[in-house]
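K.L.:
Listed here are the chains, written in short residue letters.
2 protein chains.
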Amino acid sequence: MEKMDLSKFALADLLLTAVKSEISSQEIYARLALQVKNAFLQERMNFLAMEEGKHRQALENIFHQRFPDREIIVPEHPVVPLPEIHISDEQVPLSEIIAQAMKSEQAAHDFYLQLAELFNDDSEKKNLLLYFSMMEMGHYKLLDLEKNNLERLEEFSQEQELIHLGP
Amino acid sequence: MEKMDLSKFALADLLLTAVKSEISSQEIYARLALQVKNAFLQERMNFLAMEEGKHRQALENIFHQRFPDREIIVPEHPVVPLPEIHISDEQVPLSEIIAQAMKSEQAAHDFYLQLAELFNDDSEKKNLLLYFSMMEMGHYKLLDLEKNNLERLEEFSQEQELIHLGP
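Each protein sequence line maps, in turn, to chains R and A.
If you count the first sequence from 1, position 120 lands on 120 in our numbering, and the numbers rise without skipping.
If you count the second sequence from 1, position 5 lands on 5 in our numbering, and the numbers rise without skipping.
Simulated from the structure, these hints should not be mistaken for laboratory data.
Heads up, a few of these hints could be off.
The list makes no distinction among identical chains, and a pair is therefore deemed to hold if it is satisfied within one copy or across any two copies.
Derived pair list, reagent style EDC-like, types lysine to aspartate or glutamate, alpha-carbon separation capped at 20 Å [to be verified]:
| id | residue 1 | residue 2 |
| --- | --- | --- |
| 1 | K141 | D69 |
| 2 | K125 | E154 |
| 3 | K147 | E124 |
| 4 | K125 | E159 |
| 5 | K8 | E96 |
| 6 | K141 | D110 |
| 7 | K37 | E71 |
| 8 | K126 | E159 |
| 9 | K126 | E151 |
| 10 | K141 | E43 |
| 11 | K141 | E71 |
| 12 | K8 | E90 |
| 13 | K37 | E124 |
| 14 | K125 | E151 |
| 15 | K125 | E161 |
| 16 | K20 | E71 |
| 17 | K54 | E43 |
| 18 | K125 | E155 |
| 19 | K141 | E117 |
| 20 | K20 | E90 |
| 21 | K20 | E151 |
Just chain R, with the same shape it has in the complex (with noise of 0.2 Å):
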């Protein structure tokens, strides 16, 4: 994601749009868990799956405390369009959903390292959205290394794994 000011947009706004992409990776990892074959990969997936809820509860707290008032929406379509995994109704190797995985935990990333500088005010929310944002790099490494090494087998011809996310 290039560089962007954030600060045009209602904090409410950003931080919703947040929690929606949490629950969109929470949910793809939880999919990918229940299908991938390799039991490695699968508690990586259902670990991946848990921090993104974790993230979720944090930023759900965080609304919270700043709109007391307000109930969290999820928008249909979030302020900040970022970067989700295409649901197709078809099969697709399991190296191109990690792929996509891999965008969407660098845009999270870059996403977070921007929203904390709107909490110049208060440095444990600022450090935990800095925190959050290191956390989707980690995701995004671990995911890198599987898409590698799913990348070595293939050259020794091992078929590649499809996995059907779709309905």
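For chain R, the structure is supplied; the task is to place chain A on it using the hints.
P.N.:
Here is chain A on its own, set in the frame of chain R:
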């Protein structure tokens, strides 16, 4: 770890070296999880401990398959001395323990990469060991990000968390 020729060692001893290393890492991460204040980091430590435990199980399975008549006796002094975390009975800054854990993960990565070469007759086990190598590199990268985060906090004169791993 420098590139070393593992073929001069007995395979059983090399597998026991790896088992010992996984036990030691699992124990460290489990102890860290009990001590760190950050709930996200705590979950990550538990996750790393869980993965090391699964590696240990898988290595023990390989040992039993290759040496069905032998018992697993974890050596006090493995044939290849892998760096372990120094357990002092004093309090140590968290970032220092993480730095030591990173060295240990790097060494485990290198070790599995070389151990895999001894399984050229068994592509399933070879791929599993290469996968473990990749997983340890994932741990290294996650720890590196955590260490950077602690150093960033320190720049803003936040006190370093002290950890007591020893008896």
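K.L.:
May I ask which of the numbered hints given earlier this structure violates, with the numbers listed in increasing order?
P.N.:
Numbers 1, 5, 7, 11, 12, 19, 20, 21 - these are the hints that the structure violates, sorted from lowest upward.
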